[in-house]
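J.: Residues per chain are reported as follows:
2 protein chains.
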Amino acid sequence: MTAVAPTPSPRAVNLGPAAELISKEEGHRQPLAPEFVSPHDFSPLEVAYDFGRVRREDIESGPRNIWRYKKLLPVPTTVEQTPNTEPGCTRLVRADRLAKALGVRRLWVKDDTGNPTHSFKDRVVAVALAAAREFGFDTLACPSTGNLANAVAAAAARAGWRSVVLIPSSLERAKVLTTAVYDGALLAVDGNYDDVNRLATQLAAEHESWAFVNVNVRPYYSEGSKTLAFEVAEQLGWRLPEQIVVPIASGSQLTKVDKGFRELGELGLVEASPYRVFGAQATGCSPVSSAYRDGHDVVQPVRPDTIARSLAIGNPADGPYVLDTVRRTGGAIQDVTDDEVVEGIRLLARTEGIFTETAGGVTVATAKKLIESGSIDPDAETVLLITGDGLKTLDALGDRVGPKATVPPSVDAVQSALDD
Amino acid sequence: MTAVAPTPSPRAVNLGPAAELISKEEGHRQPLAPEFVSPHDFSPLEVAYDFGRVRREDIESGPRNIWRYKKLLPVPTTVEQTPNTEPGCTRLVRADRLAKALGVRRLWVKDDTGNPTHSFKDRVVAVALAAAREFGFDTLACPSTGNLANAVAAAAARAGWRSVVLIPSSLERAKVLTTAVYDGALLAVDGNYDDVNRLATQLAAEHESWAFVNVNVRPYYSEGSKTLAFEVAEQLGWRLPEQIVVPIASGSQLTKVDKGFRELGELGLVEASPYRVFGAQATGCSPVSSAYRDGHDVVQPVRPDTIARSLAIGNPADGPYVLDTVRRTGGAIQDVTDDEVVEGIRLLARTEGIFTETAGGVTVATAKKLIESGSIDPDAETVLLITGDGLKTLDALGDRVGPKATVPPSVDAVQSALDD
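Protein chains in written order, with my numbering: chain S, 1 to 420; chain W, 1 to 420.
Some chain S residues well away from chain W (every beta-carbon gap over 12 angstroms; in silico):
no., residue
1, ILE22
2, ASP41
3, LEU269
What follows is a list of derived Cβ distance ranges for each label pair:
no., chain 1, residue 1, chain 2, residue 2, range
4, S, ASP339, W, ASP395, 25 to 31 angstroms
5, W, ASP305, S, ARG94, 42 to 48 angstroms
6, S, GLN81, W, GLU57, 26 to 32 angstroms
7, W, ASP399, S, SER273, 52 to 58 angstroms
8, S, SER61, W, ARG53, 24 to 30 angstroms
9, S, PRO39, W, ALA380, 52 to 58 angstroms
None of these hints come from the bench; they were simulated from the model.
Glycine included, each C-beta is placed from N, C-alpha and C at the ideal position.
Build out the structure end to end from the sequences listed, making use of the hints.
T.: What follows is the structure, encoded as structure tokens:
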């Protein structure tokens, strides 16, 4: 008989309403822990809740950031008392000029560029940090090529934690600077993003005190995207929109927006009115869109080739769940070329004064295509999720925008340049 | 006898509580109009108000942007109903880690990078647009090298107005793109910023329908900076801070923050407790700091040479008024070298996860210097105004930040890089 070390009983954690982890495929339940794959069916683990009663007043009297929704998130009840980046409560902009350009009646843009590091990643990282603190980690880590690296390094700095951020050594200098400035441990790895990702998984297994936000604390991290749904509903006056367009990278965000809407309905915080979820991809990395078009349930991995790098995940973990969500709600998925992405960026800037990164260009251009094909109902209210900032993907504009003219410093020269 | 055309009576404008324009030097009063210099004493014109009663509830029940303060601004009473960029309500961050690094007890950072185009300029431009609309203009214009150009082009796009933005033709490509994307009339002018500025003044005189935000509608525009003071006070729970550090470019912002605090006290919205206003400049453009140090009342123009370009105004229009404000409130003015600016940027990023442009580096570094010299009381509560975003001045970081190491994709290599 072999001596077996006793399994330590799970540490009693205070993660607010979070009750258990549950496997997405077969619903196996297990205690809250920093784990991400079910040992029973090998499917992703997701947070299950015991919400109790949540009232609108509880939320409305909370802080002007995502912690107003703490009773709906896997975070300690005292979460707002510990330093974190406090993202959220970004603008929901009524977009009448874009609506007119697209030929729809009521359109809103959720502008998540207003977050601390200017992308929705601040939401998920803030939740990951709060949960990681509770689990006893002391280092916040991630593999990333952009927005996530910024968000992790900033959140760790604010909290006084160490960060370890792994990037491919070929990353452009501007993207290196915007993470390095926070002075964590930024490591350039000789290899492509797949190599970096694999290394992150190895390191997560090796280092017990490192919380890799999108690996070992991923179930908590991904719940942060629900706050996009919560805010949209609250900003609409506590109701759900009829249609929403969400970009797809791993697919997590789209499924969590859906989860957020459902939770609000189940808790009676909004009327559980029907809504349709639409997914947006760049054609150069459109495995979920292809599967949707072909009527498949599984997603065939691809090798990404698109300017929309923040969406360039060739083997999206939540792809099948995205297909489920979109089909269940009566939505659709579509993809757009890089040229259309740039036109989407320009259209949003020209009509609403919002400058988005390439991912937002994907969302706008896909919405346009879905409207033209009749998939999106032009008479139903629609929300577009704009999840990142144009300042981070300037290169995508290439030579397509620039001054109208170069003139000598004279009134007449200005006049004739404008008359041209 | 010469036939004289009758002077048109001033158009009855609805600019809310704004009653008249008043000259800053001798107090000459004149009706509200798109004018910026008094014909009587040639001093700048400023908005005078007839506030009536304003209650905290009026503000608290307003929108989550600067229009919640519409009863304190020169804007129509219906201002929130017309498309504009809706800036403001940015975070006031309790900065305990920065406080510790600086050796002070209670410190707050007002993080204005959360605005639509990521600088405080969105505030002043939004007010300028609202007033310009009321005066019957149809084009929003400015000379600029950076933040102002972004804000004007974005606000005009959102409103469906034409914009005319004049930039020096030598401007870096990244800064050109971030304005050009909004698709207004962006004109590159062969000349330096002084040439561009002069041209703007000529064009403002020539084109009756062009509102140059910082020229002919400057009295309205500059009032937008009061909203920084209003928000700080409201976010502190309706009270004034004891000390505030404000960067100085033209000096307008500093004087308007003071004006905002005074108005809140006069209206009984806060207790009129004493506060001290401190000014921050880069040594390479420090005419106001020099005048303060030398005990002068006038400001000697300089030729700017600093990386803090958004503060590089060599002949600051409001310099004398800044000196008045700082001396009246018991504050001080100090300046810092470009090296200190970069260290200021890095210190804020490292301690609070906030990445500011060079102007914010000036503010942090100047605060540090004022604390070390004893000018700022370390036991009194202090607010730092961070007015722009690090993504816009990446070049300033030069080679000072970067990855800790470049490693092969192996766990051991990561470990030894971190151990170094």
